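A.B. asks: For reference, the chains in residue letters:
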Amino acid sequence: MEILSNLALGFGVALSPFNLLMCLVGVLLGTLIGVLPGVGPVATIAMLLPITFNLNPIAALIMLAGIYYGAQYGGSTTAILVNLPGESSSVVTCLDGYQMARQGRAGPALATAALGSFFAGCVATLIVAMFAPPLAEVALKFGPSEYFSLMVLGLVAAVVLAHGSLIKAIAMVILGLMLGLVGTDVNSGVLRFAFGIAELADGIGFVTVAMGMFGLAEIIANLEHKGTREVFTSKVKHLWPTKEDFKRIWAPVLRGTFLGSALGILPGGGALLASFGAYTLEKKVSKNSAEFGKGAIEGVAAPESANNAGAQTSFIPLLTLGIPSNAVMALMIGAMMIQGIAPGPQVMTERPQLFWGMIASMWLGNLMLVVLNLPLIGLWIKLLTVPYRILYPSILVFMCIGVFSLSNNPFDCVLMAAFGLLGYICVKLECEPAPLILGFILGPLMEENLRRAMLLSRGDPLVFFQKPISATFLVVSIILLVIIALPNIRKKREEVFVEET
Amino acid sequence: MRGLRIGQRLAAAALLALATLPAHGQAWPAKPVRVVVPYPPGGPVDISARLLAPKLQEALGQPFVVENKPGAGGNIGADFVAKSAPDGYTIGMGAIATHAINPALMANVPYDPIKDFRHLALVVQVPNVLIVNTELPVKSVPELIAYAKARPGRLDFASGSTGSTGHLAGELFKQMTGTFMVHIPYKGAPAAVADLLAGRVHLMFDNLSSALPNVKSGHVRALAVTTLKRSASLPDLPTLDESGLKGFDMTTWWGLMGPAGMSPDVVQRLSAAILNGMDAPDVKERLRAMGMEGSAVRTPEQFTAFVDAERRLYAKLVKQSGAKPD
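Protein chains in written order, with the working numbering: chain W, 1 to 501; chain H, 1001 to 1326.
The hints are simulated quantities; they were obtained by calculation from the structure and are not laboratory data. Since this is a predicted model, take the numbers as computed values, not measurements. In this text, a Cβ means the ideal position worked out from N, Cα and C, and glycines have one as well. Certain hints may be false.
[Stated by the list, open to error] Some chain H residues judged to face chain W by a derived CB distance under 7 Å, without partners named:
1) A1198
2) R1288
3) M1290
4) G1294
[To be verified] So these bits of chain W aren't anywhere near chain H, every CB distance computed over 12 Å:
5) L20
6) V42
7) F53
8) F142
9) A198
10) L376
11) Y388
12) S405
13) F411
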């Protein structure tokens, strides 16, 4: 079989001692920066770019890719331990992961995240190896109208994310949408809600909002429990998931992997939806949906698998079309161009060693990460026994460094502080920040794609129903809306809420 | 300092000069130099800065640290350089957007692209290239014009953003050919290229660096470059000027600049080091692989004149194109 000989070639390249070392360096660095809140892979890879000039292209790309998925692993660690999402994909992990940590179950949560990610990484790597070219064709089928309808579906599903009142969830989504409006209008170039502040011209940064609303707000809220607890939690029951846990996570991991792999292929923000989508899906289908938001292990397993699968499959549009699906991928293109490699479909045929070597290294990198991270869990847990008076100031310092490094501008730190206050107000009002974040991410994407689709159709709204993919999403959204709106079902829903609160 | 007498002014100036001088009276550079890139990491401007930095360090003996300060179309980074102390320890990349287009396009650009800067050396010039989807039945510029004229308002041209060179090149093309096509702006050129590959938009004027891979692999068809001279990367590709659009000349460019008021000695040394770095064979080779070319503009004075000419050109173009929002 051709695929086997290709993979053999790939592993031959990736297993050479030097490339193996580069892969290890990459995942180590990635884990490290993932654990430091806010210091993201973008800044790190940018700083390392000049070093890669003198490496051979394969080693350079293997290392950079290692940083990328290493950061995905590390990012969930802070999300679970201290409620700090470093990137969009770990926002969802905060919801249940942090609750688990508070109940002294940080160990199982971290292990679930690592194992789920590893499984997802293996499957997604296989998908990239076997189906990259045909899947790239699928990615090209997604135009503005398809993206818009996908976002509508995501937003409708977002209401399910909330576990408080429906009204509050909708209010938070709308607040998120409005915050997403800040910045330069794509079509006309007009500045909206920037109030003459140049830093707002490109909109509000996602990391700034997420770190403020989740991490900072949590710290402020915890200060209220004066003197009750010196340390985060002293009752750490066990490090490893129980048999019961394993029984509960295998199905969510499978579903998360599948959904994440599918959404990761879409270059226009599909991967953003992966973890949100997987969480929503789990909450709908799980027997334990009442536990979601209060430390359900499924709520960690599904989004973590989805986000890692998405991270791997997002290499498909990069390697086959030369289209980056996020800022890290854009940097990878830069790194390839510096090496004189034109990213695109010819990479696979002209440089099979590079293509297959990278794919093989992805799997090896995932293996290294899981081997690296499982023993580290004990260490991370110890971190929770650090007294608040030391832990919190250190977290704040790292958050500020991380947010500052986004664009080397102190303004972002001030903005994060403002969102911390807003987050605290939301905690007091018992409004969930997750729907706000989703609205904030989806709003601008939706608007952009809606207006582009309308421009392309010369103002004909029927275009959303004429394209089959787009029409399917819209029909599913309508069905979901009807389900939410139907009185008897809503009643049942409210009963569920009563149980939850 | 309007109220001070000459003597006091001189004293103040001397004090200021002393304060900016490094300890032990060492000559510049006595500490690392910051190179501000007003865009996010990974883009062509950032890459060229990072390619150049080690060469400058080699020549001048201090580290040159690249620092990205993105935002507001590059204005935040450019403004940071303009407002920095002119001591030679902060320089930055200025580009066609920050120094020619934005001042014409945006309402309140907080700096003057000529007066607030000391232009050091033009680093890179990249042609834009007119590319079309391969399904579009046109093989040359005249064929495209005829095709577009037969279908007024039916063709779409994409660009990375409103007011980008890609957008303005499209508007200039429409004016010069009397065609009517619809502008579809995107958030960044890669998203636009994705839709061009899929055939949802028909053509775009893309930066040669980013278009090169897809042109070479045959996934898009290149019709012409937007410069007066053909590109060394695609020598068989005609220019728009050759194809009947006389005088069509647009280049994307960027170069290093410092704040106004830098000492002539520092300017001279920086400028020489930059040009030497650009001429180094390994830098040249890597830039060429990305479709970037060095420039005939070789002195700081020529560079200032070049920026001024570009600024005037785009002030006119932006006005004619109606790209300005307010």
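A.B. asks: Evaluate each hint against the coordinates.
C.D. replies: For each hint, the structure was consulted:
1. Taking 7 Å as the C-beta contact cut-off toward chain W, the hint placing A1198 (chain H) at the interface holds, the least distance being around 4 Å.
2. Because the beta carbon of R1288 (chain H) sits about 9 Å from the nearest beta carbon in chain W, more than 7 Å, this interface hint is broken.
3. Checking M1290 (chain H) against chain W by beta carbon gives a least distance of about 5 Å; that is within 7 Å, so the hint holds.
4. Annotation: G1294 (chain H) was flagged as interfacial toward chain W, and the flag is violated, the nearest CB pair being 17 Å apart, outside 7 Å.
5. Listed as a non-interface residue, L20 (chain W) keeps its Cβ farther than 12 Å from every Cβ of chain H; the least gap is roughly 26 Å.
6. Distance to chain H contradicts V42 (chain W) as a non-interface residue, since its nearest Cβ pair spans about 6 Å, not more than 12 Å.
7. The Cβ of F53 (chain W) does not lie farther than 12 Å from every Cβ of chain H; its closest approach is about 8 Å, which violates its non-interface assignment.
8. The claim that F142 (chain W) lies off the interface is violated: its Cβ sits roughly 8 Å from the closest Cβ of chain H, which falls inside the 12 Å cut-off.
9. The beta carbon of A198 (chain W) sits about 4 Å from the closest Cβ of chain H, which is not more than 12 Å, so the claim that it is off the interface is violated.
10. Non-interface status of L376 (chain W) relative to chain H is upheld: no Cβ of that chain comes within 12 Å, the nearest being about 29 Å off.
11. The Cβ of Y388 (chain W) lies farther than 12 Å from every Cβ of chain H, with a closest approach of about 35 Å, so its non-interface assignment holds.
12. The Cβ of S405 (chain W) sits about 9 Å from the closest Cβ of chain H, inside the 12 Å cut-off, so the non-interface label is violated.
13. For F411 (chain W), the condition that its CB be more than 12 Å from all CB atoms of chain H is violated, with the nearest at approximately 9 Å.
Against the hints set out earlier in the document, violations occur for numbers 2, 4, 6, 7, 8, 9, 12, 13.
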